[in-house]
Amino acid sequence: MRVIAITGKGGTGKTAIAAMLIRSLVSKKMTILAVDADPDTNLPEALGDTVEETVGDQREFMLRERDNLPPDVDKERMLESKIYSILAERHGYDLLVMGRPDGPGCYCYTNNLLRGIMDRIVKNYDLTIIDTAAGLEHLSRRIIRDVDELIVVTDGSKRGLQTAQRIRELVDEIGLNISHMHVILNKVTPQNRDRLIELVKQLELDLVGMVPYDEDLASLDLEGISLMELPENSLAQVEIDKIIMKLGM
Amino acid sequence: MADEYPFEISPMFEGERVRKDDLYIEFAGPKSKGFELVRVAEENEIEDDGFTLIGPDISEMEEGSLYPLGMIYRISGALVEPDLEAIVERRNHDFQNYIQGMMHLNQRYDVWLRISKDMIANGLESLEPIAKATMMLFKNELSFIEKIEAVYITDLEKVEEELTKAMEIYAARDERTKNLHDEDVDNFYGCTLCQSFAPTSVCVITPDRIALCGAINWFDGRAAAKVDPEGPQFAIEKGECLDVIGGEYTGVNEVALKMSGGEYNKIKLHSFFEYPHTSCGCFEVVGFFMPEVDGIGWVDRDYTGLAPNGLAFSTMAGQTGGGKQVMGFLGVGINYFRSPKFIQADGGWNRTVWMPKDLKNKVLSDIPSSIADKVATQDDVDDLDKLKQFLIDKEHPVVEKWPSKEEEEKSKPTEAKADEVGQVAPGQGVFAPTMPLDIPSMIGGGGEGIKVTLKNAKITIDKIIITNKK
Numbered sequence: 001m002r003v004i005a006i007t008g009k010g011g012t013g014k015t016a017i018a019a020m021l022i023r024s025l026v027s028k029k030m031t032i033l034a035v036d037a038d039p040d041t042n043l044p045e046a047l048g049d050t051v052e053e054t055v056g057d058q059r060e061f062m063l064r065e066r067d068n069l070p071p072d073v074d075k076e077r078m079l080e081s082k083i084y085s086i087l088a089e090r091h092g093y094d095l096l097v098m099g100r101p102d103g104p105g106c107y108c109y110t111n112n113l114l115r116g117i118m119d120r121i122v123k124n125y126d127l128t129i130i131d132t133a134a135g136l137e138h139l140s141r142r143i144i145r146d147v148d149e150l151i152v153v154t155d156g157s158k159r160g161l162q163t164a165q166r167i168r169e170l171v172d173e174i175g176l177n178i179s180h181m182h183v184i185l186n187k188v189t190p191q192n193r194d195r196l197i198e199l200v201k202q203l204e205l206d207l208v209g210m211v212p213y214d215e216d217l218a219s220l221d222l223e224g225i226s227l228m229e230l231p232e233n234s235l236a237q238v239e240i241d242k243i244i245m246k247l248g249m
Numbered sequence: 001m002a003d004e005y006p007f008e009i010s011p012m013f014e015g016e017r018v019r020k021d022d023l024y025i026e027f028a029g030p031k032s033k034g035f036e037l038v039r040v041a042e043e044n045e046i047e048d049d050g051f052t053l054i055g056p057d058i059s060e061m062e063e064g065s066l067y068p069l070g071m072i073y074r075i076s077g078a079l080v081e082p083d084l085e086a087i088v089e090r091r092n093h094d095f096q097n098y099i100q101g102m103m104h105l106n107q108r109y110d111v112w113l114r115i116s117k118d119m120i121a122n123g124l125e126s127l128e129p130i131a132k133a134t135m136m137l138f139k140n141e142l143s144f145i146e147k148i149e150a151v152y153i154t155d156l157e158k159v160e161e162e163l164t165k166a167m168e169i170y171a172a173r174d175e176r177t178k179n180l181h182d183e184d185v186d187n188f189y190g191c192t193l194c195q196s197f198a199p200t201s202v203c204v205i206t207p208d209r210i211a212l213c214g215a216i217n218w219f220d221g222r223a224a225a226k227v228d229p230e231g232p233q234f235a236i237e238k239g240e241c242l243d244v245i246g247g248e249y250t251g252v253n254e255v256a257l258k259m260s261g262g263e264y265n266k267i268k269l270h271s272f273f274e275y276p277h278t279s280c281g282c283f284e285v286v287g288f289f290m291p292e293v294d295g296i297g298w299v300d301r302d303y304t305g306l307a308p309n310g311l312a313f314s315t316m317a318g319q320t321g322g323g324k325q326v327m328g329f330l331g332v333g334i335n336y337f338r339s340p341k342f343i344q345a346d347g348g349w350n351r352t353v354w355m356p357k358d359l360k361n362k363v364l365s366d367i368p369s370s371i372a373d374k375v376a377t378q379d380d381v382d383d384l385d386k387l388k389q390f391l392i393d394k395e396h397p398v399v400e401k402w403p404s405k406e407e408e409e410k411s412k413p414t415e416a417k418a419d420e421v422g423q424v425a426p427g428q429g430v431f432a433p434t435m436p437l438d439i440p441s442m443i444g445g446g447g448e449g450i451k452v453t454l455k456n457a458k459i460t461i462d463k464i465i466i467t468n469k470k
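Quick mapping for you: the protein sequence lines, in order, are chains A and B. Take 1 as the starting number for the first sequence in my numbering and just add one per residue. Take 1 as the starting number for the second sequence in my numbering and just add one per residue.
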């Protein structure tokens with residue numbers, strides 16, 4: 001029932017990190033709910049998966065059809081069933097794509113239904129991993145309410161680290177009740193390593209792991225091949241396994 | 001009791017999801033067919049606790065297979081009435097989810113069930129103990145049920161046959177629910193979802209008045225309040241009816257006072273001018289009074305053009321929203337146009353003079369045919385002068401109430417200038433700034449002048465602009 005959100009500036013490789021975490025955890029026989037909450041959906045691709053419909057689509061359906069439904073239909077039950085029907089069920093993990101954010105009009109009621117539904121769904125998994133954009137849009141709407149930890153992925157750029165700092169401020173601003181915020185440095189090379197550690201220290205961020213730049217990973221990424229194909233002993237995956245140990249997942 | 005069934009039964013298993021990895025058999029759902037139906041029967045027609053299965057049973061089904069499923073319960077009892085069928089039927093979902101290892105989703109012809117591998121490992125071989133446990137729960141929890149029997153169907157042809165019949169029953173029920181009105185119920189429902197940004201907003205949901213956002217109808221309020229009475233939707237005992245036409249109830253007034261933090265103590269549910277419902281900011285449509293024609297126009301969120309008063313939805317919404325009773329403006333949900341009580345205190349459709357074309361088409365079948373072609377759209381008119389002419393040409397009922405030429409001379413109405421929209425200062429909103437102060441004389445058309453009584457008024461005005469009529 002632990003809920004971890006993974007975030008970071010675009011291009012830092014947060015989705016790749018999320019996919020590698022999921023892969024490792026599934027092999028440890030944990031049941032995982034993977035949630036792609038990035039409007040630029042690419043977690044399914046990284047997992048070698050395709051998802052056709054999103055939570056956003058179901059929400060739009062409810063808004064569009066509300067006056068045509070039987071007047072006494074239980075809308076929470078209906079939406080719950082619709083969410084279950086788009087939950088991609090795989091061996092060891094289920095995948096839910098949040099899709100497009102709210103449009104104009106009032107989403108209060110539907111989102112409130114969705115909160116209750118997500119509360120119940122999340123309880124069915126050992127671990128929920130949310131891949132979310134740096135703006136934390138879906139978290140700020142509290143669609144998934146009880147996020148325990150936040151992992152910020154950053155690459156070898158000062159901007160990535162500044163994003164991490166901004167996210168920390170944002171968490172306070174929107175009042176997310178997160179117990180820990182960890183940082184994973186991604187695409188670390190022998191050249192940028194020391195400088196990055198120094199920057200992390202200056203920003204007083206809690207560094208939980210350094211994923212080295214990995215040729216295997218880069219070539220899979222380049223060809224758009226699923227990261228599930230990554231050799232188990234590849235440099236990046238080995239570091240991910242260490243992070244899992246460290247976080248006690 | 002637990003020994004009777006090869007599974008545990010408890011409310012704590014609600015929300016338990018049977019994942020594909022744990023799935024033994026799936027019933028109905030998006031990839032198959034199914035339904036659940038409760039019917040009232042005569043006492044002597046029911047074999048109490050009886051179970052009939054038409055089609056194969058679990059023991060004959062292969063692991064991982066998908067079957068259709070129809071579940072029909074027949075109930076009787078001295079207090080059992082056909083109107084209870086839908087309420088009882090809803091509980092099948094709760095009770096079947098009390099069963100460990102079983103997942104029941106959705107309702108009516110959309111049911112979707114899963115049986116876990118664990119249930120089979122624990123000795124489940126038949127649908128019978130599931131039906132029996134469900135019936136036991138029905139009788140325990142709904143004491144008015146004296147006798148109950150169940151027929152489950154897993155044979156596709158028979159499911160289809162019975163589903164066709166069930167669809168007619170559901171349709172007849174929907175017809176009945178559509179005919180439910182404010183006077184037929186004891187409770188209305190309140191909603192606080194908008195109070196985060198409109199703290200004095202009092203949203204009252206009744207059978208004849210959908211929430212302003214258009215998302216919550218009376219049945220939604222009832223369902224939510226039942227599950228979580230402390231949640232955002234809660235029951236309002238309607239109390240005594242003080243004004244039948246306007247829709248004023250003592251219970252609503254009490255809640256209004258509480259919810260608005262003392263700001264409002266009177267709300268008339270079907271009134272536009274006098275103590276109107278507050279407007280949150282989520283409303284789908286905003287209604288606006290046009291004193292020049294003594295009529296009301298409505299503009300919806302999707303219409304980006306200007307209304308005949310020269311204002312856009314966004315401008316009027318900004319002015320109306322915030323959880324206030326704003327004289328001359330009213331936020332509503334689209335479905336309110338379908339209500340037989342639609343602003344009945346102020347003439348209803350006979351006062352409606354303008355709507356965007358798309359909105360009008362959406363609710364066209366609910367506009368009385370005598371008035372439908374008299375309501376102008378943006379295709380007919382784009383300003384007040386053209387609207388006036390349109391209403392005269394079409395003999396719209398508002399025209400009769402217009403003051404005659406001499407009366408007009410006497411009362412000398414000032415004209416509202418649409419381009420001088422100000423903001424209502426917080427805590428007020430008695431008169432919207434676009435409204436001329438002599439509205440009542442325009443409404444009545446009598447031109448006797450007005451009496452303004454302000455009680456406990458605190459008024460701050462940043463700027464008043466008075467311009468000569470050109």
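Since the hints were derived computationally from the structure, they do not count as laboratory data. Please note that the accuracy of each hint is not assured.
Stated by the list, open to error - Here are the simulated BS3-like cross-link-like pairs (lysine-lysine), alpha carbons at most 27 Å apart as the crow flies:
{"no.": "1", "chain 1": "A", "residue 1": "201", "chain 2": "A", "residue 2": "29"}
{"no.": "2", "chain 1": "B", "residue 1": "165", "chain 2": "B", "residue 2": "226"}
{"no.": "3", "chain 1": "B", "residue 1": "458", "chain 2": "A", "residue 2": "29"}
{"no.": "4", "chain 1": "A", "residue 1": "29", "chain 2": "B", "residue 2": "33"}
{"no.": "5", "chain 1": "B", "residue 1": "117", "chain 2": "B", "residue 2": "33"}
{"no.": "6", "chain 1": "B", "residue 1": "31", "chain 2": "B", "residue 2": "258"}
{"no.": "7", "chain 1": "B", "residue 1": "226", "chain 2": "B", "residue 2": "31"}
{"no.": "8", "chain 1": "A", "residue 1": "123", "chain 2": "B", "residue 2": "226"}
{"no.": "9", "chain 1": "B", "residue 1": "386", "chain 2": "B", "residue 2": "266"}
{"no.": "10", "chain 1": "B", "residue 1": "386", "chain 2": "B", "residue 2": "357"}
{"no.": "11", "chain 1": "A", "residue 1": "242", "chain 2": "A", "residue 2": "158"}
{"no.": "12", "chain 1": "B", "residue 1": "20", "chain 2": "B", "residue 2": "165"}
{"no.": "13", "chain 1": "B", "residue 1": "178", "chain 2": "B", "residue 2": "31"}
{"no.": "14", "chain 1": "B", "residue 1": "20", "chain 2": "A", "residue 2": "28"}
{"no.": "15", "chain 1": "B", "residue 1": "117", "chain 2": "A", "residue 2": "28"}
{"no.": "16", "chain 1": "B", "residue 1": "178", "chain 2": "B", "residue 2": "158"}
{"no.": "17", "chain 1": "A", "residue 1": "158", "chain 2": "A", "residue 2": "123"}
{"no.": "18", "chain 1": "A", "residue 1": "123", "chain 2": "B", "residue 2": "401"}
{"no.": "19", "chain 1": "B", "residue 1": "33", "chain 2": "B", "residue 2": "165"}
{"no.": "20", "chain 1": "B", "residue 1": "33", "chain 2": "B", "residue 2": "20"}
{"no.": "21", "chain 1": "B", "residue 1": "20", "chain 2": "A", "residue 2": "123"}
{"no.": "22", "chain 1": "A", "residue 1": "123", "chain 2": "B", "residue 2": "158"}
{"no.": "23", "chain 1": "A", "residue 1": "28", "chain 2": "A", "residue 2": "158"}
{"no.": "24", "chain 1": "B", "residue 1": "226", "chain 2": "B", "residue 2": "132"}
Checked hints:
In summary, the hint linking residue 201 (chain A) to residue 29 (chain A) is not supported, as the alpha carbons are separated by about 35 Å, beyond the 27 Å threshold. Taking the CA atoms of residue 165 (chain B) and residue 226 (chain B), the gap is near 30 Å; set against the 27 Å cutoff, the hint is violated. For the hint linking residue 458 (chain B) to residue 29 (chain A), the alpha-carbon distance of about 66 Å lies beyond 27 Å, and the restraint is violated. Of the pairs offered as hints, the one joining residue 29 (chain A) and residue 33 (chain B) is violated, with about 34 Å between alpha carbons and a cut-off of 27 Å exceeded.
Annotation: proposed proximity of residue 117 (chain B) to residue 33 (chain B) holds, straight-line Cα distance about 22 Å (limit 27 Å). Our distance criterion of 27 Å between C-alpha atoms is broken by residue 31 (chain B) and residue 258 (chain B), whose separation comes to about 48 Å. Between the alpha carbons of residue 226 (chain B) and residue 31 (chain B) the distance comes to roughly 31 Å, so the proposed pair goes past 27 Å and is violated. At roughly 23 Å between alpha-carbon atoms, residue 123 (chain A) and residue 226 (chain B) fall within 27 Å of each other, so this suggested pair holds.
Taking the CA atoms of residue 386 (chain B) and residue 266 (chain B), the gap is about 37 Å. The hint is violated against a cut of 27 Å. Distance hint between residue 386 (chain B) and residue 357 (chain B) is fulfilled; the C-alpha atoms sit about 16 Å from each other, no more than 27 Å. Between residue 242 (chain A) and residue 158 (chain A) the alpha-carbon distance is near 25 Å, which keeps this suggested pair within the 27 Å criterion. Taking the CA atoms of residue 20 (chain B) and residue 165 (chain B), the gap is near 32 Å; set against the 27 Å cutoff, the hint is violated.
Taken as a hint, the residue 178 (chain B) and residue 31 (chain B) pair is broken in the structure, with Cα atoms around 30 Å apart against an allowance of 27 Å. For the given pair, residue 20 (chain B) sits about 18 Å from residue 28 (chain A) by alpha-carbon distance, which is consistent with the 27 Å threshold. The suggested pairing of residue 117 (chain B) with residue 28 (chain A) holds, with an alpha-carbon distance near 21 Å, which does not exceed 27 Å. Taken as a hint, the residue 178 (chain B) and residue 158 (chain B) pair is broken in the structure, with Cα atoms around 30 Å apart against an allowance of 27 Å.
Of the supplied pair hints, the one linking residue 158 (chain A) and residue 123 (chain A) is violated, its CA atoms being roughly 37 Å apart against a limit of 27 Å. As the CA atoms of residue 123 (chain A) and residue 401 (chain B) are separated by approximately 63 Å, the hinted pair breaks the 27 Å bound. Annotation: proposed proximity of residue 33 (chain B) to residue 165 (chain B) holds, straight-line Cα distance about 14 Å (limit 27 Å). Annotation: proposed proximity of residue 33 (chain B) to residue 20 (chain B) holds, straight-line Cα distance about 19 Å (limit 27 Å).
The straight-line distance between the Cα atoms of residue 20 (chain B) and residue 123 (chain A) is roughly 16 Å, inside the 27 Å bound, and the hint therefore holds. About 37 Å separates the Cα atoms of residue 123 (chain A) and residue 158 (chain B), which puts this hinted pair outside 27 Å; it is violated. The suggested pairing of residue 28 (chain A) with residue 158 (chain A) is violated, with an alpha-carbon distance near 35 Å, which exceeds 27 Å. A C-alpha spacing of about 26 Å is found between residue 226 (chain B) and residue 132 (chain B), which places the hinted pair at or below 27 Å, so the restraint holds.
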